[in-house]
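Chemist: Those protein sequences? They're chains A and B, same order as listed.
Just so you know, we're using my numbering here: the first sequence kicks off at 1 and counts up by one.
Just so you know, we're using my numbering here: the second sequence kicks off at 1 and counts up by one.
Incorrect hints may appear among the rest.
It does not matter which identical chain is meant; a pair holds if it fits inside one copy or across any two.
Straight line, CA to CA, 27 Å or less: simulated DSSO-like cross-link-like pairs of lysine-lysine [to be verified]:
#1 Lys-290 x Lys-365
#2 Lys-323 x Lys-43
#3 Lys-323 x Lys-286
#4 Lys-286 x Lys-365
#5 Lys-242 x Lys-43
#6 Lys-290 x Lys-323
Simulated from the structure, these hints should not be mistaken for lab results.
Protein chains: 2
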Amino acid sequence: MTDRFSFHLLGTDGGARRGEIRLPRGAIRTPAFMPVGTAGTVKAMYPDQVRALGADIILGNTYHLMLRPGAERVARLGGLHVFANWPHPILTDSGGFQVMSLAQLRKLDETGVTFQSHVDGSRHVLTPERSVEIQLLLDSDIIMQLDECVRLPAEEAEVARAMRLSLRWAERSKRAFGERPDRAIFGIVQGGDVAHLRIESARELAAMDFPGYSVGGLAVGEPQAVMLAMLETTNPVLPADKPRYLMGVGTPDDIIESVARGIDMFDCVMPTRAGRHGLAYTRFGKINLKNARHAEDSRPLDEASDCPAARDYSRAYLHHLFKTDEMLGAMLLSWNNLAYYQALMAGIRAAIDERRFEDFRRTTKEGWERGDLPAAA
Amino acid sequence: MTDRFSFHLLGTDGGARRGEIRLPRGAIRTPAFMPVGTAGTVKAMYPDQVRALGADIILGNTYHLMLRPGAERVARLGGLHVFANWPHPILTDSGGFQVMSLAQLRKLDETGVTFQSHVDGSRHVLTPERSVEIQLLLDSDIIMQLDECVRLPAEEAEVARAMRLSLRWAERSKRAFGERPDRAIFGIVQGGDVAHLRIESARELAAMDFPGYSVGGLAVGEPQAVMLAMLETTNPVLPADKPRYLMGVGTPDDIIESVARGIDMFDCVMPTRAGRHGLAYTRFGKINLKNARHAEDSRPLDEASDCPAARDYSRAYLHHLFKTDEMLGAMLLSWNNLAYYQALMAGIRAAIDERRFEDFRRTTKEGWERGDLPAAA
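So that you can see chain A by itself, here it is in the shape it has in the complex (with noise of 0.2 Å):
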């Protein structure tokens, strides 16, 4: 138990860090792939399962929060923590990211951005310093700091305009968050595909002495090759010292190659949204469930797997119940899914403590390209 955040590097194994983050809520083991608790919930999950298959940590998304329910009736309802029925740590955004993607009429300038609510229009401004206090009334453990992420491609100007309009933003998300050594804010890192903005957007954030970092504004349509020569400029110029979260990342491959460049947190819908839409992660790459092919074949997922959902259904039922819509497809998926993606971070954490993360690259990656096999005839 400890009533203060810190980050604590156990080891390292080429560039893979393998590391810890304490909090009074609980211990958070690095590399960590944290759920997507979008509106309070793991999409089609209980929170025992979420707990049960690893994670020390969930992400809640303020922009969807603040609207509904919103973060003074979450704060009157005991915190997020409460609200959603996990007593564990929980990192929220900053709502910038979802405001520039699901908002309307959006209007941004030096003070915030204004935007109209998606689900009933309702006008909200959001500024850094409401940013934090939202984040301050969910109870939120690791605050990010507002930013302005720009979609790639993008002219180098514009890219440059938003990084330094974060950084501003940076240092009044830190001055309002204050001192509050039972949490942490991170300084998240813009810069787009632009290798001399990137490090001058680290350069400048850990001048400030953030207790963590975020690596913003990549995996937001540039190929895989330019976010890791991203993270290969950016995360030289991070402090080793402190926690490197990659937002928004990604696929396993992503995480596998991030992880790899010194990245200790990632944060992914994909599981979940996947696993909704009929696709199966596994040791042997994707599967998607609607295909037809699956209609007979008896097989689980991976009977080789600790999770129920890969070991104890056919492939034929999962694939019946995502042609019946039947939720169960779709909580089965999830399931699967988180499971895959916290075996997968279990195994990374394993291997750099073993020092023999290369090894596991090479054949965690074996394993994909073997690729699914066919039912026998």
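Dock chain B against the given chain A, drawing on the hints supplied.
Modeler: Relative to the frame of chain A, chain B by itself:
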């Protein structure tokens, strides 16, 4: 363990009966509530949750399963128990009821019923013989004869015609079923709201010596008093040493009143369907979680319940899940409602065992009548 179907009447208390059905796949404690697994899944529930709540048997719908994934396909995949990951007993209906309510371009004659699938318009024929064949392909433990169910109100002549057709189909169904001591076929009493037709139907079926009897064609639009009067008319005609199943019923009050009149088995979509629509069953009546009055109510549905869905989540959170169309809302309320139904059945069984059923009936109704209390101001 047993290799044959049998029914054991363990005791009575007034008109209420306590019994046990034994089957190779397990015993069914009666009075029993059978959750409905329409298309091979009790909606929004994992099968092991359904089991843990105390369900000894679930129901599968022949109409849905014959269309998707198809009876022959289920058979090739090892039967419905293997397919749906439910190794315990399964009862199937005949398909007739849903042909009448869901299918298009129905044509019914002495032979059977021809219809078009509501899913893809494909043409199908359901005869008494084919219905039994399908149910055996599904590997059902308790099979229903094909019958014709008339919606009420209806002309007596129409009710009589359908009842007598159902009797002729009962004979054909029983012949098609043959000698299968490891499972059972039930004849179905019809006759609408006409007492002498109900008596004729029950007497004729009893003469055919079925292993069990269903009461069909009730809870199809008539007042509860009419339904209960029909049970009082019918049940004395049915052999006391065979189980009696009231099809598609019903509310908790319907169940307790029907148990009082000698019914042993029930099925109903109500707990799961209501759960998907935000309606919770509790000891203190129904609660509509969509109602705005729950938005800041931090109380759980029932802090004294054994069910995590009733105990560990606030009404405010459940309200939020339904406002935001989050799947977890349907998952939690389906769970809560099935837990409530199974707890009601367990309470009924214990009360009959201890010959205090009348007392149980009264105190249970007092709880419903007390109603839900508002949150403290």
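Chemist: It remains to establish, for every hint, whether it holds in the given structure.
Modeler: A quick look at each hint next to the structure:
1. Lys-290 x Lys-365: Within one copy only: 24 Å inside a chain, 47 Å across chains, cut-off 27 Å.
2. Lys-323 x Lys-43: Answer is both: 20 Å inside a copy and 14 Å across each meet the 27 Å cutoff.
3. Lys-323 x Lys-286: Answer is within; shortest intra-copy Cα gap is 18 Å, inter-copy 33 Å.
4. Lys-286 x Lys-365: This pair counts as within: shortest intra-copy Cα distance 12 Å, inter-copy 52 Å.
5. Lys-242 x Lys-43: neither (30 Å within a copy, 45 Å between copies)
6. Lys-290 x Lys-323: This pair counts as within: shortest intra-copy Cα distance 7 Å, inter-copy 29 Å.
The earlier numbered hint that this structure contradicts is number 5, and it is the only one.
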